[in-house]
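Visitor: In the order they appear, the protein sequences are chains Y and C.
Sequential numbering from 15 applies to the first sequence in the working numbering.
Sequential numbering from 2 applies to the second sequence in the working numbering.
Since the hints were made in silico from the structure, they are not lab data.
One or more of the hints may lead you astray.
One side of the interface only, derived from the structure: several residues of chain Y facing chain C at Cβ under 7 Å [claimed, not checked]: (1) S71; (2) V79; (3) S80; (4) G82; (5) A84; (6) V85; (7) I86; (8) Q87; (9) N96; (10) Y97; (11) G100; (12) A101; (13) L212.
If you anchor each label on the Cβ, the simulated ranges turn out as follows [claimed, not checked]: (14) C:D105 to Y:H95: 40 to 46 Å; (15) C:G315 to Y:Q72: 28 to 34 Å; (16) Y:R118 to C:K88: 55 to 61 Å; (17) Y:S222 to C:D105: 46 to 52 Å.
In silico DSSO-like cross-links for lysine-lysine, where the CA-CA straight-line distance does not exceed 30 Å [to be verified]: (18) C:K325 to C:K162; (19) C:K322 to Y:K61; (20) Y:K61 to C:K325; (21) C:K88 to C:K256; (22) C:K162 to C:K152; (23) C:K322 to C:K152; (24) C:K256 to Y:K61; (25) Y:K205 to Y:K61.
Where a beta carbon is used, it is the ideal one built from N, C-alpha and C, also for glycine.
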Amino acid sequence: MSTSPPPPQIPNRIDLQRVADMIEPGSRVLDIGCGDGVLLDYLVHFKQVDGRGIELSQEGVNRSVSLGLAVIQGDAETDLHNYPSGAFDYVILSQTLQSIYDVRGTLKELLRIGRHAIVSFPNLGYWRVRLDLLVHGRSPMSKKLPYVWCDSPNIRFCSLTDFVTLAGEIGFAIDRIVSIDYAGRATPRDKVGRWTNLLAEEAIYLLSPEASHGSGEATRQEP
Amino acid sequence: MSVVSNSGTTATGSIAVEPVVTDLPGHTIVLGATTPLELVSGQRLGPFTVAYQTYGTLNAERSNAVLVCHALTGDQYAAEPHPITGKPGWWNMVIGSGLPIDTDRFCVISINVLGGCMGTAGPRDINPRTGKNFGLDFPIITITDMVAAQKLVIDHLGIDKLFCVTGGSMGAMQALEWAARYPERVFCAIPIAGAARHSAQNIAFGEVGRQAIMADPNWHGGNYYDQDDTPHRGLSVARMAAHITYLSESALHRKFGRELQDRKDISYGFDADFQIESYLRYQGSTFVERFDANSYLYITRAMDYFDLAAEHDGVLGHAFKDTKVRFCLISFTSDWLFPTTESRQLIHALNAVAASGSFVEIETDAGHDAFLLDEPEFFRILSGFLSGAAELHGLNGGRQDAEETTAP
């Protein structure tokens with residue numbers, strides 16, 4: 015009956031910490047758009063996962079590999095088809111959804127190669143974003159959306175509610191939602207209500223394929 | 002049971018190789034004396050000699066061995082002055098105390114390949130059946146054979162599992178072959194500037210080199226060892242042509258441009274007017290001092306024959322099915338001999354079997370030879386990957402800030 019001390023937290027990244035919290039120790043994890051490998055490094059060392067990463071920027075890849083992580087340079091939209099079905103327990107798409115062209119196709123790929131997908135993105139429905147557009151009439155910029163519209167890598171903007179709708183359309187089950195507000199407070203939720211969609215700056219979704227869903231659309235396919 | 006045939010084959014059907022006696026530094030070992038090595042060609046080799054060098058100390062568990070595989074014209078002298086040329090070892094910036102392959106932590110083993118000319122059995126050695134140098138009577142060697150011979154050395158050293166196998170170019174081919182053929186004997190593999198097969202373009206360059214050697218009247222069909230002269234002109238031209246493929250257009254231009262060599266004006270003749278000509282001639286002339294022309298034929302052929310997918314029903318992924326080996330592939334942006342696309346193809350095959358793989362492309366204008374040069378980013382990656390892998394392999398001196406897991 016010994017209680018081990020809680021593992022250290024990822025500094026200054028409550029969003030990544032909440033993603034990490036969703037992951038079972040010792041599982042197989044693919045982090046798509048893993049950046050400098052901060053999350054993967056944490057997962058490998060403190061959750062003993064078998065972790066892999068894909069990152070578009072060569073700089074991020076090189077830094078990750080220098081940390082001893084298994085990361086490849088690649089593109090979420092072109093390289094996922096190489097992986098066999100069910101190769102991972104969790105496939106993470108953290109703060110990357112907004113720069114993906116084929117959102118539906120990529121999401122389906124996540125849940126083909128993984129038993130679960132964890133997707134996080136900035137919320138377009140966040141009140142400051144809404145206010146920016148309403149009051150100033152300008153393309154919204156925020157801490158989470160820091161780019162001028164013409165220089166932004168972000169091509170897809172969606173609110174928390176939009177994502178719930180899309181997940182339902184594709185036929186994914188949303189197992190868990192964690193919303194994060196402007197103060198970095200993370201709150202677990204059963205569903206996204208009107209207020210959550212207004213107050214959350216970003217959110218993290220834990221998804222799984224909904225086997226019983228009768229949309230007729232295959233969410234799992236063999237390569 | 003035939004007793005002895007004229008082809009140098011022994012009664013058991015095995016080709017024995019008697020080494021040309023040299024006083025080169027390092028270790029030599031005689032292999033295949035009781036059980037000959039079965040070559041891919043179907044011939045059997047043994048007994049034969051293999052020469053190798055070590056740097057660093059093998060730990061008590063024999064778990065810290067790093068096998069470093071040399072490229073076409075390299076040899077076992079990876080981290081010390083070359084005994085013939087006196088030049089620094091080809092990886093002296095990579096192997097050593099405090100360097101990316103840290104000899105304070107790892108025991109580096111560097112083996113001269115089969116078919117080579119620095120102590121391991123090759124065409125210059127003596128055929129005991131004839132008492133003469135083998136020349137082209139030496140059996141054809143493949144990358145698989147080179148690795149099979151290396152495995153015998155590793156067995157001899159009592160090493161169950163290599164911590165790492167690495168190498169650039171042909172060394173990468175060997176690292177891949179090791180991982181594919183003996184996955185249980187390798188913890189991690191770092192193939193650098195490599196490919197799963199030799200491309201048509203690379204076979205073409207190999208053929209130019211071989212034809213240059215064979216066109217040299219001193220070559221004598223490979224039987225030049227008892228002649229007054231060697232096919233050094235042919236070998237030199239082969240080296241010059243190959244050397245161009247190791248560089249890049251922009252690096253050549255940066256280093257040499259159209260600068261003239263020791264003169265103010267062009268000579269309107271065929272002297273080495275340009276610095277690049279002089280440089281290539283120098284590269285060719287120093288190479289022939291240390292390399293055997295027939296070895297060059299045999300080793301380039303081994304590279305040509307390398308095709309990892311073909312060895313596995315034409316599917317590259319099958320070479321690594323269920324592998325536990327952790328890979329780190331490294332390529333260089335300006336390498337047009339073993340371009341990044343080759344490494345990318347490999348990583349896709351590794352992904353397809355859900356193998357653990359890292360893949361890094363290093364930005365440089367140094368071309369294929371970048372893996373032999375001072376490339377800080379490359380060194381950082383190498384040392385970072387090795388540290389991470391060492392930690393997972395339970396070698397001391399892994400990452401310091403990692404906490405011990407106390408779970409039973």
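Visitor: Now look at each hint and say whether the structure bears it out.
Guide: Verification of the hints:
With a cut of 7 Å, the hint placing S71 (chain Y) at the interface with chain C is violated, because the nearest CB-to-CB distance is about 11 Å. For V79 (chain Y), the shortest C-beta to C-beta distance to chain C is roughly 5 Å, which falls under 7 Å, so the interface hint holds. For S80 (chain Y), the shortest C-beta to C-beta distance to chain C is roughly 3 Å, which falls under 7 Å, so the interface hint holds. Satisfaction of the interface hint for G82 (chain Y) is found here, the shortest Cβ-Cβ separation to chain C being roughly 1 Å, below the 7 Å cut-off.
Interface hint status for A84 (chain Y): upheld, as the beta-carbon distance to the closest one in chain C is roughly 5 Å, under 7 Å. Because the smallest distance between the Cβ of V85 (chain Y) and any Cβ of chain C comes to about 6 Å, under 7 Å, the interface hint for this residue holds. Of the supplied interface hints, the one on I86 (chain Y) holds, with its beta-carbon coming within about 4 Å of a beta-carbon of chain C, less than 7 Å. Given hint, Q87 (chain Y) at the interface with chain C, holds; its Cβ is 6 Å from that chain's nearest Cβ, closer than 7 Å.
Among the interface hints, the one on N96 (chain Y) holds; its C-beta lies about 4 Å from the nearest C-beta in chain C, closer than the 7 Å criterion. Given hint, Y97 (chain Y) at the interface with chain C, holds; its Cβ is 5 Å from that chain's nearest Cβ, closer than 7 Å. This hint is violated: G100 (chain Y) has a C-beta 9 Å from the nearest C-beta of chain C, more than the 7 Å allowed. At about 4 Å, the closest approach between the beta carbon of A101 (chain Y) and any beta carbon in chain C falls short of 7 Å, and the interface hint on this residue holds.
The beta carbon of L212 (chain Y) comes no nearer than 40 Å to any beta carbon in chain C, farther than 7 Å, and the hint placing it at the interface is violated. Distance hint check: the CB atoms of D105 (chain C) and H95 (chain Y) are about 43 Å apart, consistent with the given range 40 to 46 Å. In this structure, G315 (chain C) and Q72 (chain Y) meet the distance hint of 28 to 34 Å, their C-beta atoms being roughly 31 Å apart. Taking the beta carbon of each, R118 (chain Y) and K88 (chain C) are about 58 Å apart, inside 55 to 61 Å as hinted.
Hint check: S222 (chain Y) to D105 (chain C), Cβ distance near 48 Å, so the stated range 46 to 52 Å holds. Distance hint between K325 (chain C) and K162 (chain C) is fulfilled; the C-alpha atoms sit about 12 Å from each other, no more than 30 Å. With a C-alpha separation of about 26 Å, the suggested pairing of K322 (chain C) with K61 (chain Y) holds against the 30 Å cut-off. Distance check on the hinted pair: K61 (chain Y) and K325 (chain C) sit about 20 Å apart at the alpha-carbon level, within 30 Å; holds.
Between K88 (chain C) and K256 (chain C) the alpha-carbon distance is near 21 Å, which keeps this suggested pair within the 30 Å criterion. For the given pair, K162 (chain C) sits about 10 Å from K152 (chain C) by alpha-carbon distance, which is consistent with the 30 Å threshold. The hinted pair formed by K322 (chain C) and K152 (chain C) meets the criterion: a straight-line CA distance of about 21 Å does not exceed 30 Å. Between the alpha carbons of K256 (chain C) and K61 (chain Y) the distance comes to roughly 50 Å, so the proposed pair goes past 30 Å and is violated.
Between K205 (chain Y) and K61 (chain Y) the alpha-carbon distance is near 28 Å, which keeps this suggested pair within the 30 Å criterion.
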